[in-house]
Amino acid sequence: MIIQETLTPEEIEEIDHEIALVPYRKAACIEALKIVQHHRGWISDESLQSIADHLEMSVEELDSVATFYNLVFRKPVGRNVILLCDSISCYVMGYEKIYAQIRDRLHISFGETTPDGRFTLLPNACLGTCDHAPALMINNELYRDLTEDRLDEILNGYH
Amino acid sequence: METPLTQHISSDRPPYNLRDYEKVGGYQALRKALTTMTPAEVTKLVQESDLKGRGGAGFNTGMKWSFVPMTDGTPIKYLIANADEMEPGTFKDRMLMEGNPHQFIEGMIISAYAIQANISYIFLRWAYKKAGRLLLHAMEEAYAAGYLGKNILGIGYNLEMHLHTGVGRYICGEETALLNALEGKRATPRTKPPFPQVSGLFGKPTIVNNVETFCNIPHIIQNGAQWFKDLSKGSDAGTKIYGISGRVKKPGLWELPMGVTMRELIEVHGGGMANGYEFRGALPGGASTDFLVKEHLDVKLDFKSVAAAGSRLGTGTMIILDDHTCPVGFVHNLEHFFAQESCGWCTPCREGLPWTEKTLLSIERGEGRPEDLDLLDMHTKYLGPGNTFCALAPGAMEPLQSALKYFREDFEMHITQKKCPWR
Amino acid sequence: MPLAVIIMAIIYIDKKPFEAKAGKNLLETCLTLGFNLPYFCWHPAMGSVGACRQCAVRLYKDENDTTGRLVMSCMEGIRDNMYVSLDDPVARDFRSQNMEWLMTNHPHDCAVCDEGGSCHLQDMTVMTGHSYRRFRYPKRTYKNQYLGPFINHEMNRCIQCYRCVRFYKDYAGGKDLDVFAAHDHVYFGREKDGILENEFSGNLAEVCPTGVFTDKTLKQHYTRKWDMTMAPSICQHCSLGCNIIAGERYGELRQITSRYNSEVNGYFICDRGRFGYEFVNDVTRIQQPLIRNGNTGQSLFENLKTVLSAGKMIGIGSPRATLEANFALRQLVGKQNFYQGIPEHEACLIQTVLETSNGGHVHTPSLSETEQADVVLILGEDPTNSAPRLALALRQAVRKKPLDNASQANIPAWHDAALRELIQDEKGELFVAYPIETKLDELAAGTFRAAPDDIARLGFAIADCLSDAAPIPLRMDDHVLETARNIAAVLQKAERPLIVSGTSLHNVDVIKAAFNIALALQTDQRKAALCFTLPECNSVGLGMMHAPSLDTAMEDVDADTIVILENDLYRRGAKQAIDGFLAKFKNIIVLDHLHHATTGKATILLPVATFAEGEGTLVNNEGRAQRFFQVFMPKNENIRESWRWLDEFHQFCQGKMPDELNELDHLLEELVTVMPQFKGVETVAPPSGFRINGQRIPREPHRFSGRTSMQANVAVSEPKPPEDTDSPLSYTMEGYRGIPPAPLIPFYWSPGWNSGQSLHKYQIEVGGPLHGGDPGKRLFHEDLVSKAGFQDNIPCAFKPHNGETVFVPVSHIFGSDELSVYSPSVTSRTPKPYVMIGRQDAARLQVTEGDLLNVRIGGVAMDLPVKGSDALPEGLAGIPFNLPSMPGLSWPCKGTLTLLKP
Ligand SMILES: Cc1cc2nc3c(=O)[nH]c(=O)nc-3n(C[C@H](O)[C@H](O)[C@H](O)COP(=O)(O)O)c2cc1C
Ligand code: SF4
Ligand code: FES
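If you read the sequences in order, they're chains L, S and G.
If you're matching positions, the first sequence starts at 1 in our numbering and goes up one per residue.
If you're matching positions, the second sequence starts at 1 in our numbering and goes up one per residue.
If you're matching positions, the third sequence starts at 1 in our numbering and goes up one per residue.
A hint or two may mislead.
Stated by the list, open to error - Some, not all, of what chain G presents toward chain L, calculated at C-beta under 7 angstroms:
#	residue
1	9
2	175
3	176
4	180
5	191
6	193
7	195
8	425
None of these hints come from the bench; they were simulated from the model.
Cβ atoms here follow ideal geometry from the backbone N, Cα and C, with glycine treated the same way.
Let the sequences and hints guide you as you build the complete structure.
What follows is the structure, given as C-alpha cells:
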C-alpha cells in the first residue's frame, strides 16, 4: 500500500473551509479526520501527522481525538466496509444469523478484512432503523429487513 | 386526531421542498415569531405550552431557554439540534428529518431567535446519510429564501446554520459531550453546573434540544399553548412520536396524543404481537429505560405516568421483549452496548459496565454463579444517578435492574441449569 | 491588588459544626479539617474534575433532611449551613465499591512495583476498607512505552484518574502525552514510543497515584521510600532554589522529589532538578586529599600548615558553594583577598540585579507570586531553559486573567474542567523579547526577536512610554516603537504586572531596561513585580558579599597561594587566560567534589561534601536564604563540607586546635556579625540544638528496615548511627514523629498516608503555607533603602558587522548547568555542540543545517555544525551555553564564522 504523506491540495482546501467556520484551528480536527478518511479510506500514522501539522496541534492531541471515536479508522480497511448492527432490536430480530452467514460467506469475523481487501466487517451500534431490523450498512448504503436469502445478492453488488 | 408533526410526512414521496412546504403553511410560524413577537415572548409561549424535551430527559423546553443570559454583554450564543439519535431502539428523529426537514429547520430558527443565537448547528448522527443530504438541501433553500443568513425577514436578525456529522459514539448524544465533540475534542461529558445555557459551546451560552422538540416549535407558535396542551390525552402536553421495534406485526412510528396507553400502542398501532410470539415486557423509551411488563399495559405513555410505573418515557420508542428471546441475552446485548460506549471518564461506568457485561455473558453461557446476581444488584444500586459523572451508566442500569426484578427466575434458571434455556 | 475577602461558613460534618472557607470545595475543606477522605483525580494544584468518583460523601438539603444524596466532595463548593456526612454507611460503601472497581484490572503487583510503600492507591485502598476483589475475569493488559531516560511506564497499573494528562498537557503545556481510545481501554502515553519532551515530566511520578509513571533513575538503584534516609534540601541546579527532598541508601543518593513550599516551588520541580542528582554518586568523585609536589614525608595538615602560614594568600569563591563556605573562605584569606569566582562581566550583571532588587524600589516577587501576574513581559530571558520552574509558573499566570472572567460566571477557582471549557484558548497577556524562539512563545500575545542590545532598547522604550522621567532611546525604528507602545499600553492597564529578566544573555542593559519598566509602572497603588533569574544556585548569596571579580584577581593579584572553592575556572574564561593566571601561584589549593580542569592544576586538592553530604545555606534569585541538610554521611571522614575545611584552616592559622572547632551555628552568627546584610540567615532553620520533647527529627521512616543487617558484609554488629552535630535531624528511625518545623521536614508521612499525598497534613490548609510558616527567609529590602532614579546609558542599536559575528549564549535546561550533566539521564538529553545562525546569515554563508562552520572567538576555535533558526537576527550566532564538551568562553563575545570546505 502506498502511504500518502502530505495532504493533497484538495484535502487542504476542504479542511481550510472547515477551519474558517470555527474559532480556532484545532476545533476543526474531527472534520479534518473525516475529510482525509473520505479520500484515503483510513487514517495512517503519516496522514495523522500531516493533519496534525496542518492544524498546528501535536499528533498526540489529534490521535487522542481520533482514537476516541468509533468511525475514524486507524487501521487500513477493505474497499467496502460492512457495518452490521448488533444492537438490541437487531438482536431480537436475529442479527446473529446474518453474522453467521457473513462469516460463512466471507470467512471474516468482526474486525477482520478479507485477504483480497474486498470487505472489512465491523460490528456497529444501532443504525436507527429498528423497525426494519436486522440492518446493515455497506459504505453509505443502508440495507434493512435483512433475510438470509437477500444477503448474498447484496454482497455480490460490491467488488 | 391532529398529527401536527407528521401531517406533511409521507413515505410514498420525497419530502416537501421549500415551495411545497410554504404552500401548506410552512415558515408562517417563523414569520409570526420574528415579526410579531419578542424573543422573550417566544420563550414564554413555549414555556407555557409545557413542551417537554423529547430527547429523553423531559425537561420543560421554554424554561431551559429562559436560563440563557439575555443581556447585551454576551453577543455569541449557540443553538444546537441534537440529532445524534444513537440510543438503541430509537429511530424517530430520522423520520422527522427525512420526512420534513423544513419543519425541523423552521423550529430551529424560531428557537435560535428566542435565545438570540446567531450560530446554530445540527449535530447529526453519521449513519443518517439520507437525512444529511436532505437537510443540506433544505438549508440551502432556506438560505436562498432568506430564512437563514443575514437580516432574516428584514428584522435585522442573523443566523448561520451548519451541519456537523458525528464520527460515532453514543455519548455524543449527551448534550455536554456533544459540545466537546463539536469543539473537536474527545466527547467526554462536562459537569453541570455550569450549565450549557451559561457556558456551553466554545464557552458561550448554548441551548441543545432534540430534533423532535424543535419540530414542535412552529406549531406551538402558530396555534398557541392551550392548543398544544389540548393535543394530549395524558398529563404532558402535545403529541409524541411513538415507535415499536421487535416482534410485533407492524413495527414502526406513529404520532399520537401524548398519553396513549401501551396496550393501544402495541395492539392497535403495532398490530399486536407477531404470530407465535407473546409479550413479556418492553422498554418504553429506548435502551436506557426500565422494563414495563404485562401488568403495565394500561399505563399511559407520558412522562409522569411512565415514571409512576417505575420506568421512563425516554424517547418514546419501545423495544419489545417476546417469549422467544432470552431476557438475559437481551440485557447482555444492552450492557455490551453501554460498556462499549462508556466514554471512559468516570470509574463506576468505565469499570462497572464491563464487569456487568462479563457477568451477564457468563450467566448467559451457563457459567454463572448464584453470587453473580448479588454483583448485578450491587451495580444497579451504585451506578445510579449522581454516582456517575453523567447519565449513561444510570441509564444502562435501568433495563438491568428491572430485568432482575421481573425476570429474576430466568436469570436463576441459567445459573441452576448451567445453560441458556433459549438456546 | 484587590483584597480577596475571605468569607467563613459553618458546615456540619456528621452533625458537628466546623468553620470553613467559602470558595473552597468540600474535599479540600475536609482534608484541611483533618478528615481522611479518599480521592484520586483531584489535585490541590490542578483542581477538581470529578472523574474518579472516589471522594463521595452524603449531602443533605438541610438539618432535617434524612435522605440526602451522594455527591462528589471535590465538586461541591462550601456553602454556609451545609450538612454532610462522611461516615454515612452508603457513602462509605460506595467509596469502597468504587475502589473495587478501580482494582478490577489492577495487577496487584505491589511487591515488584516501584510505587509500593509510597503509593496513594495502596493508601486509599486501605482507607476505604476494600480488601477482597470479586472480579473473576481476565484483566485487561496494555503494552508499555519507552518514554525516555527519566520516566518508566507500566500501563497495567493505571487507574485512569487522568491526572497525568491533566498535569502534563493542561498544567505544564506538554504536547506529547495524551489519553487515547475510550471506555475501559483508555490509554495514557505517547502516540509512539519516544522521549517525553516536556521539562516537567518528572512530576508525573508524583502526580500519578500509582506505579504507572515512575522515576526511571530511581529504578537503577531502587529503594523503597521507607528504606530511604531523607532530608530537606534545596535544588542546586538553578537560581530559583526549589525545595526538594533527597533520599539516600547505602551511601548513594537515590531520589529527588519535590518538597512543598507555598512561596517557592509549590508542588512541582523541573526535570533538571529531579534527575540532575547523580553527580553526587559519580565514580570520579574526589575521595582523598591529594598533595602534588608537596613534602611527601609530611601529613596533609603539616603540608597545609606550611602553605597556609607562609606568604600571601587569595581566595576564589563560588556561586555554587554555600554562603557558609564562601564566608569561611573570606575569613580565611581576609576580606581584601577574597574574590568572587566569576568574571567581571557576570559580577557586574549580578551587582546590577542586586542594586535594583535589593534597593526596595521595585517588588521582587516570590516564585508563587509570579503565578498571580496578569500581564507578563519577559525581557531577554528564556526561563524554560534558565530557570525552568519559573516557566511553569508563568504558564499558570497566563491563565489567570481569563479566570477573572470566570469568577464573574460564578465558576469557582477549583473547578478545573469548567474553567477550561469556559476559557477555551483565551490567554492573559505575555510578551517575550528574546533573540531566538522560546517555548513560552506559544502562549505569547507578542514576541520580539532581536539582538540583546535591541532588546534592551525595546525595554528602555517601553519604560519611556510609561513614564516621562525615563530616558528616551534615540533613533528607534518605527516598528520597534510601535511594539513598545503596545506592550506599554497593556502593562499600564495591568493590575499585577510582572517583568521577568535575567542574566542569561549576559547583557547588563537588558537588566537596566527591565528595572526602568518596573520603576515606570510603579504607582501608589501598584508596585510592579520584577523577577530576575541568575546563573547559579547561590549567585545572589555570593553577590551580596560584594567581592571583586575573578578578572580583578587575574589582573592585579600577586600572591603565593590561591584557594579555589568549588569552582572550575576553566568554565569561566578562555583556557589560555586561566592557565596564565594559575601559573602565577606556587600553591593552588582546590576544594571540590568532582575532578575538572581546575582540580587538575591543584597542588593540594581537598575532597568536599556535595549538598547531599552537608549542611549549608543558599540565597535564591528573590533573595530568599534557604537551608539544606545533610542527607547522609560522606563515604569517608576526609570528605567534609567546604566550610568545615576552610573554617578549620582558619582556626588552625589562628592557633586553635581541632577540638575547639566551630560549628555551623557559630559560623552563621559570625557571618551576620561581619556582614549584616545577611541578618536573618541564622534563623532560616532551627539551630542544631533544637529538640521537640527532647527528641530529634528522624531522617528515616519508622519502618526503615535492615538497620541491623545492612552492613553485615562489613560487620555483623549493628553500627552506632552517625551523630549529626550540625542539625536537629537524626540518623535513626527513632525520634519525634509529629509534624516538625517546616524547614526540617525530611519526608511526608502521616498515619494512613504513606505517599507524598500526606503533604496536606503538613499544611495549615490545603495548598496553603506549611505549619509554622514556609521555610526560607527573604533578605532583600522591601522598603525603599535609597532613592534611585531611572537607569540610563542606553546602548546603540545593534548593526551587523560584515565579517564579525556577535555570539549569544543559548541556555539549555539539560546541558548548561555544570553539575546536572553528570547524571547519565540528563547527559542523554543534552544537545550536541552547534552554532545557531539566522536565515540571512545562512544564505550569506551558503550553509544549511548540519554544515560545519569554523567558529573563532578570541583564541578559541571550534568546528561546529549549523543549526538554523527562523528567528535569530542577522549578525548574531547562538552558541549553547556552558556545554561540558565545549571550551570555556568569556561572555559576551564576538568572533568570526567561516565555512569549512568539505
Ligand atoms: C448517554 C446519553 C445519550 C443521549 N443521546 C441523545 C440523543 O441521541 N439525542 C437526544 O436528543 N438526546 C440525547 N440525550 C439527552 C441529551 O443529553 C439532552 O438531554 C437532550 O438532547 C436535550 O434535548 P431536549 O431537552 O430537547 O430533550 C442523551 C443523554 C445521554 C445521557
Ligand atoms: S457515566 Fe462516566 S464514564 Fe460513563 S459515559 Fe458518563 S462520564 Fe463517561
Ligand atoms: S477526587 Fe473527587 S471525583 Fe476524583
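Would you pick out the hints that fail for this structure and give their numbers low to high? 1, 6, 7
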